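Chemist: Top line first, the protein sequences correspond to chains A and B.
Per the working numbering, the very first residue in the first sequence carries number 1; after that it's consecutive.
Per the working numbering, the very first residue in the second sequence carries number 1; after that it's consecutive.
No lab work stands behind these hints: they were computed from the structure.
Everything numeric in this text was worked out from a predicted model, so none of it was measured.
Ideal Cβ positions, reconstructed from N, Cα and C, are used throughout, including at glycine.
A couple of the hints might just be wrong.
Straight line, CA to CA, 27 Å or less: simulated BS3-like cross-link-like pairs of lysine-lysine [stated by the list, open to error]:
hint, chain 1, residue 1, chain 2, residue 2
1, B, Lys30, A, Lys36
2, B, Lys215, B, Lys131
3, A, Lys198, A, Lys116
4, B, Lys215, A, Lys37
5, B, Lys101, B, Lys252
6, B, Lys101, A, Lys37
7, B, Lys252, A, Lys153
8, A, Lys35, B, Lys101
9, A, Lys37, B, Lys275
10, A, Lys35, B, Lys102
11, A, Lys36, B, Lys215
12, B, Lys215, A, Lys13
13, A, Lys153, B, Lys102
14, B, Lys131, A, Lys36
Which residues of chain A face chain B? A partial, calculated answer using Cβ under 8 Å [what the hints assert, rightly or not]:
hint, residue
15, Ile28
16, Phe30
17, Met32
18, Met183
Some chain A residues well away from chain B (every beta-carbon gap over 12 Å; in silico) [unchecked claim]:
hint, residue
19, Glu16
20, Asn76
21, Gly103
22, Lys108
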Amino acid sequence: MEEFTYTNIFATKGIEYIVIIAFFATLIPFRMMLKKKKEPALVAEKASGFITASMLRIPQGVFFSKFHTWAHMEINGEATVGLDDLLIHLTGEVRLITYKNPGEQIKKGELLAKIKHNGNSLNVLSPVSGEITSTNSSLHENPGLIKVDPYQKGWIYSLKPSNWKTETNAYYLAEDATSWAIMELERFKDFLAVSATKTEQQPLGVVMQDGGELIEKPLKGMPKEVWDDFQKNFLS
Amino acid sequence: MTSPAYPIQDKQEKQSVWRFIFQELKPRGKWLTPFNIISLPVILVGLGLIVLRFTNGLGAVSNVSQDIPWGLWKGFNVVTGVAFAGGAYVLTFIVYILRVKKYQSIVRVTVLNGFLAYMFYAGALVLDLGKPWNIFNPLIGNSFGASSVLFLVAWHFMLYIVAQFLEFSPAIAEWINARKAHKILSGLTVGAVIFGITLSTLHQSGLGALFLMAKEKIHPLWYSEFIPLLFLVSSVFAGLSMVIFEGSISQKVFFNQITKENRQARNNMVLSLSKICAYTLFAYLFMQIIVLVHGQHLNLLTTPMGYWYLLEIIGFVVLPIFLFVFAYRNSNILLTRIAAIVTILGIILNRLNVSIIAFRWDAATHYVPSWMEIVISLAIIFIQIWIFRWVINRMPVIRKSPSWAKH
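The shape of chain B in the complex, shown without the other chains:
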């Protein structure tokens, strides 16, 4: 039997891609959700403050100074946010390179998350630059600055954003019903993945390498020449913990989009991911110990900063190891989520320690972010979540791809 309905519909949609996108831009669903009520004012105030920052300069909103040039936006949004985006390269590696198909259903949402994280958190870098228009210099060659680690980080960020966009692009093609483009873009995926993994392993450690220049400024318990390696390894469990955490939220929020079989498979995936987290955390713990021993800083452990260091290691590395192991052994999903949250807090603590708290720890005045910095930081995260939600409600990210897109 031939059905004329299908090709006709196809043609109609092709003619009006732009109108279709315009239609899709309109909001959907209920407006007055608790999340919207909290996030919307923060976003509006944040946007106002961003305008203020660009018209009146950095000093108008932020507490950073010549002495302490790195504030909350870099320490939290950039350095920490990028670590959490690490889930994308770990999962694409597992699914596309190791060919472990069981994680297939969460790859797209993770890549989307990583892509948006890079867009916004790397974007937050612009806020911090005294002359933001100079951000293009390493790319256009006005002044490459090839001897700087920042040159490396800038190019990696830019290329990785492109690679992630390519990895995600089949979903966009499915959304606007572009079948030919979908075929081409799907073919590019594996290439983009390999490219992306190379880039992200390099710049996760590259971000750590930025701190190698600040040897005298960072407390010896946090500074070591192995920061790049520690940043790379910790990005594995940081990213996967974020996948677990974000997955548990989207499982509730986007419940209707998840097919029945995926819902059942999800718990299994979460448990396997917590196993990987446990292993990498375990390795990370020993790396930290070796770094501590190698630096000969054991005597510093009994100082106030030492207690702070021990809190980070015992409370946010050793504890989550046990939580993950216990959760995995007992197939306890709730506990994996708790473990993931503890790990996430630990990563935030670690990155803030390196970039803010233990940075110029001996200075006379300490950096405390202004309320405006905090609002802008939150606004950036909320905007990212809004866009994330918008995309998921429209494109086949969590829900199944249309039947024509099946390979």
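Next comes chain A alone, as it looks inside the complex:
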């Protein structure tokens, strides 16, 4: 058996151990590498942590009402309605409760939905009147949709408007909407500064004085009085 050869296993063992140790050592960074990146929109939000005018999404073809709700008419004459981006940024992780069903009527200024968070709630009012034709079922399955895409996938109701022309007459559109949103953001900062002194919410005050930027979801930790004030000043 001349052709029979032995491998000297001891000669190679040292390197083999090193290879195995290298395997386990690289397994850890490899595992860390195998992580999904988050949705880009959410990354941007997390990275900055501040609400600025430039990050607000304000589509130029949507009517914005002073209730911080929007309405948009489709080609078929039906309109979708929903919450605007500023309101979503201010309130943050919330539950949205809707009350209307398809076939029911809704009036402008009537309750569109309720935002609930830790026992506090806000009434969001409808921008237009009409008969509701459908509700957004995917919003129920995936409530985060309203944050990711508030103007398209995040619509709340679709309705047949009854008085579209006169009701949307005074609403903000295109560059008006942009400048109005910037104004509202500034107004909210003032509002917060006032309520902070009222309720002694120190941390927020510090942030405001430092750089004048709003942190993300400023209403989140606020007491009930501030939520009520916000309802009165911004959503009515």
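Given chain A, work out where chain B should sit, using these hints.
Modeler: Only chain B this time, still in chain A's reference frame:
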């Protein structure tokens, strides 16, 4: 409210199962699709050549010889095809044993794919046998040959085909509306799955074990006593890459059969599968390195065969690892498909290396398959795809099961 329509229809269908099957055998849909135009001539020529092979003998169509007895049919159809069928045992393990329900919607199509792969690729073995009628010997005991690895492989193939047929059989029962049979067959599924997983892990490595007898004939960079283990581990990502690749095609071809929610869930599944592929490829890479070190063949890496070996390892193991990781991180479906294709090519390369290219690499004459061998190989694959399509268009494989079959 009672509806008389339902039971009556039920009875009618029961009476005419055979007529129903006969009806279903007729072709459906458009005939002149690009795929048919390419595949049909290949199949017809291939069938003609197969007849020629059985009437005039192996030498008439194939370039294999006494020196190089293993050609394209074994190296490609059998050894490589079986690796790609590995997706079935991996997925059934995940769904039925680990109970990860999210892959449920692709289990049936994968099992069908595996079943057909075994039928046809193991069937291709018959073509290669000098005395094909002897293939039954290990089963009927004319000459068991129990000391041979082939004995093991033959029994495993046979039993595994039966197990996969059992796993798939509820779909057939749903198709012919056999409710009682469906109940019984569904109950058998988990048993068949456990049986099937045992068998397939054993014979994936068993196929590798076949090469242990050819130590002197295989180039040392590809030969090692760990071939069985390497074959087993690589069958995991080979099978899953095939699931990703095949899924991306059937998502287009059978678009209408996939329910809306499954369509959305599919992308998620593909991403999770690419994660598993990345892990197993990563482990496989280190196993290859250890085998290389253990065999003390580092000096061979600078020879021409060494470069070829490095191409296989770097181009088709390391590269797909990065592709899968990158695709997973960025949720990039297109990239997972590219990674899957690179992996599939890598597996083909690896199996052909072991069985053909590095096999008798030092011989004076090298084996090059004849055009007839290639046509027959392709014909076998095309026939399999035709049957696959036929089944999917008729049975609830991708589409939803009928409501009565819900558990």
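Chemist: Compare the structure with each hint and give your call.
Modeler: Tested hints:
1. Lys30(B) x Lys36(A): violated (42 Å)
2. Lys215(B) x Lys131(B): holds (26 Å)
3. Lys198(A) x Lys116(A): Since the Cα atoms of Lys198(A) and Lys116(A) sit roughly 23 Å apart, the hinted pair holds (cutoff 27 Å).
4. Lys215(B) x Lys37(A): violated (47 Å)
5. Lys101(B) x Lys252(B): holds (23 Å)
6. Lys101(B) x Lys37(A): Status holds; Cα separation ~24 Å.
7. Lys252(B) x Lys153(A): holds (25 Å)
8. Lys35(A) x Lys101(B): holds (22 Å)
9. Lys37(A) x Lys275(B): holds (14 Å)
10. Lys35(A) x Lys102(B): holds (19 Å)
11. Lys36(A) x Lys215(B): violated (44 Å)
12. Lys215(B) x Lys13(A): holds (22 Å)
13. Lys153(A) x Lys102(B): OK: Lys153(A) and Lys102(B) at ~25 Å, within 27 Å.
14. Lys131(B) x Lys36(A): violated (54 Å)
15. Ile28: violated (12 Å)
16. Phe30: holds (6 Å)
17. Met32: violated (11 Å)
18. Met183: Cβ of Met183(A) sits 38 Å from chain B, so the hint is violated.
19. Glu16: violated (6 Å)
20. Asn76: holds (22 Å)
21. Gly103: holds (25 Å)
22. Lys108: holds (35 Å)
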